[in-house]
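Q: Here is what each chain is made of, one letter per residue.
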Amino acid sequence: MNHYRTQILLCAGGACISSGCESVRDALLREIKANGLESEIEVITTGCMGMCEIGPMMVVSPEGIFYQKVKPEDMADVVREHLVKGCVVERLLYKRADNDELVRFLEDIPFFKLQKKIVLRNCGKINPEKIEEYIAVGGYEALGKALTSMTPDQVIEEVLVSGLRGRGGAGFPTGLKWKFTAKESADQKYVLCNADEGDPGAFMDRSQLEGDPHSVIEAMAIAGYAIGASKGYVYVRAEYPLAIQRLSNALDQARAKGLLGEKIFNSNFSFDLQIRMGAGAFVCGEETALMRSIEGYRGEPRPKPPFPAQKGLFEKPTVLNNVETYANIPYIIMHGGAEFAKIGSGKSTGTKVFALAGHVNNSGLVEVPMGITLREIVYDIGGGIRGGKDFKAVQIGGPSGGCIPKEHLDTPVTYETLPALGAIMGSGGLIVMNEDACMVDVARYFMDFIQDESCGKCTPCRIGTKIMLDLLNKITHGTGSEQDLEQLEFLAGQIGKSALCGLGQTAPNPVLSTLRYFRHEYIEHIKDKHCRSKVCRSMMRYTINAAACKGCGLCKKACPADAISGERKAPHSIDADKCIRCGACMEACPFTAIEVK
Amino acid sequence: MSEKEHTCGCDNALYQELNAFIASVPRTRDSLIPVLHKAQALFGYLPVDLQEYIAKALDVPASEVYGVVTFYTYFTMQPRGRHTINVCLGTACYVRGAKQVVEAFSELLGIKIGETTPDRRFTLTAQRCFGACGLAPAVMINQDVHGRVNPKKVAELLEQYK
Amino acid sequence: MTVNLTIDNQPVTVPKGTTILNAARSIGIKIPTLCHMEGVVSPGSCRVCLVEVEGARTLLPSCIAQVAEGMIVHVNSKTARTARRTSVELILANHPLDCNNCSRNNNCELQTIASDMGITASRFPRLVQEHPLDLSTSGLTRDMSKCILCRRCVTACQNIQQVGVLAAQKRGFATIIGGGAKANLAETTCVQCGQCAAVCPVGAITEKDAIADVWAALDDPKKHVVVHTAPAIRAALGECFGMPAGSRVTGKMVTALRRLGFDKVFDTNFTADLTIMEEGFELIKRLTDAVRDKKAVALPQFTSCCPGWINFAETFYPKSLPYLSSCKSPMQMESALIKTWYAQKAGIDPKDIVVVSVMPCTAKKHEANRPEMVDSGFKDTDYVLTTRELGKMITAAGIDFVNLSDGRADELAGESTGAADIFANTGGVMEAALRTAYEVITGRELPFPSLHVASIQGLDGIKEASFKLEGCKPEFSFLEGVTVKVLVAHGLGNAHKVCKKLEAGELAEFHFVEIMTCPGGCIGGGGQPRLTDDNVRRARIAAIYSEDESRALRKSHENPEIKQIYAEFLGEPLGHKSHHLLHTTYTPRQ
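Residue numbers (the numbering used here), protein chains in the order written: chain A, 1 to 597; chain B, 1001 to 1162; chain C, 2001 to 2590.
Be aware that a few hints might be false.
What the hints assert, rightly or not - No more than 20 Å apart at the CA atoms, straight line, and that leaves these computed lysine to any residue pairs for SDA-like: (1) C:Lys-2577 x C:Trp-2341; (2) B:Lys-1038 x A:Tyr-297; (3) C:Lys-2170 x B:Gln-1127; (4) A:Lys-69 x B:Gln-1127; (5) C:Lys-2223 x C:Lys-2379; (6) C:Lys-2468 x C:Leu-2531; (7) A:Lys-389 x A:His-408; (8) A:Lys-113 x A:Lys-130; (9) B:Lys-1112 x B:Gln-1078; (10) A:Lys-534 x B:His-1146; (11) B:Lys-1099 x A:Asp-470; (12) A:Lys-569 x A:Leu-554; (13) B:Lys-1099 x A:Ala-584; (14) A:Lys-304 x C:Lys-2379; (15) B:Lys-1152 x A:Tyr-297.
Since the hints were derived computationally from the structure, they do not count as laboratory data.
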């Protein structure tokens, strides 16, 4: 095997691909060839490195120099200066937003510094399309260890000791789930992986499957061994073609190497996996709905019990975990549950991957130890609020979660603390919002989502969320009444207690949490017909500041509704009845004379 | 040529490929969704006669096939344009102005979400997050992700797709 | 094993596995339900039966949640009451609330529950969805704006009958029950069995109403209006007036029909007996052809009295059609004879005769409209009423049904035997046929206690019986020693299984097969009083058998009117006139 003196890790995560990393790679390879370095330099395209904001990005190892926002035309410099002459190309280094300091090494960037990578241990470090690279970093050792030196009970015991809890939302202890399924006797059991990542604003499962698919395959095989299952399915969103392609490639490679199939590691354990594509139904993230979907039906949840451990897929005992949960398993088997349990805080052990997005400077994928505070995530890792605006809230847990305001920024992130604040850990969407976000509109957004994604089976979710959405629409349109607010709260309370599935039961959470912390915004919308964030258009009033208006007429031209009148060189005015509040005049005005209230 | 003629004629190549796929999966209910995926990939959409064909092939009632197709938003019964514009309405994109981006596309193309332009050039769709939050607001046209789109960039974007 | 728990502070002990719903019922606490079908399906979707269980994270659907030792249940806590009421109010917000104009007024589960809860106004804004009426079939009317999405009809159509027509479509608030891409039932594989209508808790699926037409005929002095009633009506009609399931009301029914103004009250039972003659002789002919003459004959012979089954066979198993007896159903035989034999004898121009049949069935409305059913020279059956519709007419006429005295059907086409009675339930046609066929072949009575073939009675889905023919009459000596095997199935899900076996050649051993579309047979028909569960079916079946056993004559060939009609009109079974008036053909349907 060829030994390269230098390896260049080029991020080929979803975001970097859309930022053009493929042409960067082509340019890089071209330059390497032009300089005759093919036998010395290896270019490895990796999964997501996490800091999508500054992609495409690359790490030159072994020295570990990190280049960001690289373009194809930069590659000549990278090869000539760095690879040939050994000089760092400073203009491509990351510059800290707070002190303009250049940072040479990836791990010195604050975004990466506070992270603890267990789940994403290989993302950004190996080529996800080559099983050899996964094996080279210790991949499939955990499966080998489990099959050759542990009993299924011992495997389950390690997972129990680790304290690992489901990363998909509810946080049920993974070891217990496995234990319950293991003790059922059946001719067939199943291991399922939920990769139907549906929360708007969450993309860690996608990155995991794209960046390190073998970690999930290995873990599912371990789960199969632990519970006595020989078959499994990965249920993955059809909207993730790259993840599907890489996973399917990984499955082929694992089969070819005998890591899936009959008598794995010469044991008596046989296991294989199939991919099932979701088809665009958020509710299929709910376990019974997901199983129904694999069975070929509409993804409608059913009441529990019976739990999947007793009657799951095709009525057989089934374990279902999500991508991130599984990705922890090889680490737990290799290092022991006790070691894993040292990370984190209290009953929330290990790490959590968050998709950090919204009005934050560094958006991307971050993996942090449980117990870290929201402030550390938002400010230290996220680099604070974009454009110097004020922080308003962080939405955590997606449509089942809630909005946490400023005063709780120092709360440690755990399975216990978040529900106390009206949010949930969820699958890890973490949306930072600044003062421009209207919290009533945010609630309306999530209710619109839930209502659209409701399967329609049970009454409270089918009709109740529709009424809640109608009420929120009224309020954001400035026609809401206090009675509407009362009804909204009443329904939120009812649906939470009476809906059939977990998704329905948590559907009112975004409303409940915004009502809890931002009730005043609701009241303003209702009583004052005012949206302080200027998001709810129907309540906006555009006016022209006569003092600033030069009467140039650009606004009049721009107005699609003929709502602006005025003589040339004289102050113009807007007819509020005709105004459609599109904001075109504001964009057109060179004198910032147009004001909005 | 009408849509019906487009997808009928059981001997055409698309049907042959679909038949080969159906033959490769068990004739059980759980094959339905994979077969629908395959059919949509081949035909671009799932018109009623194609659904009925699949229903027969898998021995599943046509009403159930229709029930499945209309439950999952990924499945479509409308023919698609040559290019599919998919505007992300995930939370991150939403708070960074995706709604205005949708409106801009809608206005420029004269169609609403879910519709196709009369010249079959574009189909406008919206989706909840395709995981490019770092690039919010994001738009996917066919398989290309375009990041940090704003209403002003929309016309220019469309120009790239003939 | 039993479980002890507390419901609303009352201790209760029930068997393990009991639902909270049934545990509560056992101590006299009635919890409302809508989507639940006891013993069939509990999707847990309507949320109308929610109860509070201490320690549970959410409220639980009592129709599904099972009791546990030490469980403390609150049915009547404020939380539980509010939740159930909210579910009902939400359903009402999405319901037309046009009760006065609905066929289910005063007989609607939603209306009853809302009324029991004391709901006089929904607190929520109205969210009614308009959907066009589906009037495309002769038998059924669908009004999806009234649908509450309980999906009982889907269970009936997909799981029980397996005709695969009704299914949930779209998603969320837009969810609707329908026949797929086809807007109308008539374009689907619907066989119009009406099991969907029989389980619908509201007025979303009902039989197509013929009441107004029948009143118009009765009001027309120029019309001679004749009615005949199917065997299954007498065991169920009483339920329309609050009588318990299984009340035998034959005599009251006749009196009520006379009071409604029908000129003649005949009995479809008469032609049930006639069917046995024709179908029995057809079977004997097929057996003769096959056994004696070694001809290629379609055997086993399948019964043909059930119109849902005919539609089903024509739609799903056209290859089975040669196996079907060519006999018309008793309804069509009766109607054809009324407009020919009776018209002739009574000296009435058949064009002035209006024949109304009362059937437990919605598919009968379709059958009456089949274009070939005009062998009398006129449309043989003018109108078909379901049991429910007759109940409504009696109520509308102000007749105190429960206290009516017994009447007797009119002579000529009104006499019948116990063999005709049992046509009403699964296994009955077969048993009636065997009572006659056995006697014709051997000259002796069917050698079973009380003439019952026990193994084909009851609610098992597919039943078989076999017995050896011994001591045959000389003309049937070729059947000596033959073991006759018969098979009985009810519910179209079971019919699928039987037809698949037929197609696979696995029924070659059998001679006669009875198929009834509805679970339990006609006593569980799609036009019977709601709601039919297995307890109700058993009660009606018991009533039918006791009706049979109460008769002096219990074999079709002993019916004196049958002897008379062959003597003076038809000649002999399978004769020329029979062929014309009593037999039919079938066409494969797409």
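Q: Hints the structure violates: just list their numbers, smallest first.
A: 4, 6, 8, 10, 14, 15
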